[in-house]
Amino acid sequence: MRVLWLCLGCLSFAIGIIGAFLPLLPTVPLMLLATFCFAKSSERLHGWLINHPRFGPAIQDWQQHRAISKRAKIAATVSIVAAFSISLAIGLRPTLLAIQAVTLIAVSIFIWSRPNS
1 MRVLWLCLGC
11 LSFAIGIIGA
21 FLPLLPTVPL
31 MLLATFCFAK
41 SSERLHGWLI
51 NHPRFGPAIQ
61 DWQQHRAISK
71 RAKIAATVSI
81 VAAFSISLAI
91 GLRPTLLAIQ
101 AVTLIAVSIF
111 IWSRPNS
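Letter by letter, the sequence shown follows residues 1 to 117 of the UniProt record's numbering.
Derived by calculation from the structure, the hints in this document are not laboratory data.
Treat the hints with care, since some could be wrong.
Claimed, not checked - Cβ-Cβ distance ranges computed for the label pairs, FRET-style:
| hint | residue 1 | residue 2 | range |
| --- | --- | --- | --- |
| 1 | A101 | S69 | 22 to 32 Å |
| 2 | S69 | L24 | 17 to 27 Å |
| 3 | S85 | V3 | 39 to 49 Å |
| 4 | V3 | S87 | 31 to 41 Å |
| 5 | I17 | A39 | 30 to 40 Å |
What the hints assert, rightly or not - With a cut-off of at most 25 Å between alpha-carbon atoms, the simulated SDA-like pairs for lysine to any residue come out as follows:
| hint | residue 1 | residue 2 |
| --- | --- | --- |
| 6 | K70 | W5 |
| 7 | K40 | S87 |
| 8 | K70 | P53 |
| 9 | K70 | A101 |
| 10 | K73 | P115 |
| 11 | K70 | R44 |
| 12 | K70 | L32 |
| 13 | K70 | L24 |
| 14 | K70 | L104 |
| 15 | K73 | V28 |
| 16 | K70 | S108 |
| 17 | K73 | A83 |
| 18 | K70 | A20 |
| 19 | K70 | P57 |
| 20 | K73 | F84 |
| 21 | K40 | K70 |
| 22 | K73 | L4 |
| 23 | K40 | I50 |
| 24 | K73 | L97 |
| 25 | K73 | K40 |
| 26 | K70 | L33 |
| 27 | K70 | S117 |
| 28 | K40 | Q60 |
| 29 | K40 | A83 |
| 30 | K73 | F13 |
| 31 | K73 | L24 |
| 32 | K40 | F84 |
| 33 | K40 | H52 |
| 34 | K73 | P53 |
Source: prediction; values computed, not measured.
Note that beta-carbon positions come from the ideal geometry of N, C-alpha and C, so glycine has one too.
All chains should be built: construct the whole structure from the sequences, respecting the hints.
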């Protein structure tokens, strides 16, 4: 089972790294998932990720306070607006746009309702 958690953690971490460069992939939630998976599979990788200079502070804020930094909230909001704008630009069907809008509004409410770190 540890190997499965390790593979899931590595996959989540890799996709999270890609998300650092692509605005539509959420980096921090994937790093949180990687942290969870590494906690179940590799104490060394878990510690490394928790103490990582780039990802560690956001992970620690979430684990200790369930907080999201204002900078991350703004970046997430910009990504949400960009994703919805792309959907509008490519002409998705109104039903799909409605589903996407409801989902993105719910995500935005969740993000902005968390305390600032």
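Hint by hint, here is what the structure shows:
1. A101 / S69: 22 to 32 Å: holds, 25 Å
2. S69 / L24: 17 to 27 Å: holds, 20 Å
3. S85 / V3: 39 to 49 Å: Holds, since S85 and V3 (Cβ atoms, about 41 Å apart) stay within the stated range.
4. V3 / S87: 31 to 41 Å: holds, 38 Å
5. I17 / A39: 30 to 40 Å: Violated - the Cβ-Cβ distance for I17 and A39, about 19 Å, lies outside 30 to 40 Å.
6. K70 / W5: Violated, at roughly 31 Å.
7. K40 / S87: violated, 37 Å
8. K70 / P53: The given pair, whose Cα atoms are some 18 Å apart, holds under the 25 Å limit.
9. K70 / A101: Measuring from Cα to Cα gives roughly 22 Å; hence the hint holds.
10. K73 / P115: Holds. K73 to P115 sits at ~10 Å (cutoff 25 Å).
11. K70 / R44: violated, 30 Å
12. K70 / L32: Judged against 25 Å, a Cα distance of about 18 Å means the pair holds.
13. K70 / L24: holds, 18 Å
14. K70 / L104: The given pair, whose Cα atoms are some 18 Å apart, holds under the 25 Å limit.
15. K73 / V28: holds, 11 Å
16. K70 / S108: OK: K70 and S108 at ~13 Å, within 25 Å.
17. K73 / A83: Cα-Cα ~15 Å, so holds.
18. K70 / A20: Within the cut-off at roughly 17 Å; holds.
19. K70 / P57: Holds - the C-alpha atoms of P57 and K70 are around 13 Å apart, at most 25 Å.
20. K73 / F84: holds, 17 Å
21. K40 / K70: Cα-Cα ~30 Å, so violated.
22. K73 / L4: Outside the cut-off at roughly 31 Å; violated.
23. K40 / I50: Between K40 and I50 the Cα gap is close to 14 Å, so the pair holds against 25 Å.
24. K73 / L97: Satisfied, since the Cα-Cα distance of roughly 22 Å is no more than 25 Å.
25. K73 / K40: Outside the cut-off at roughly 28 Å; violated.
26. K70 / L33: holds, 21 Å
27. K70 / S117: holds, 7 Å
28. K40 / Q60: holds, 17 Å
29. K40 / A83: Not satisfied, since the Cα-Cα distance of roughly 33 Å exceeds 25 Å.
30. K73 / F13: Cα-Cα ~20 Å, so holds.
31. K73 / L24: Given that 25 Å is the threshold and the Cα spacing comes to 14 Å, the pair holds.
32. K40 / F84: Violated: K40 and F84 sit about 35 Å apart, past 25 Å.
33. K40 / H52: Judged against 25 Å, a Cα distance of about 18 Å means the pair holds.
34. K73 / P53: holds, 19 Å
Figure legend: structure checked against the earlier numbered hints; hints not met, in rising order: 5, 6, 7, 11, 21, 22, 25, 29, 32.
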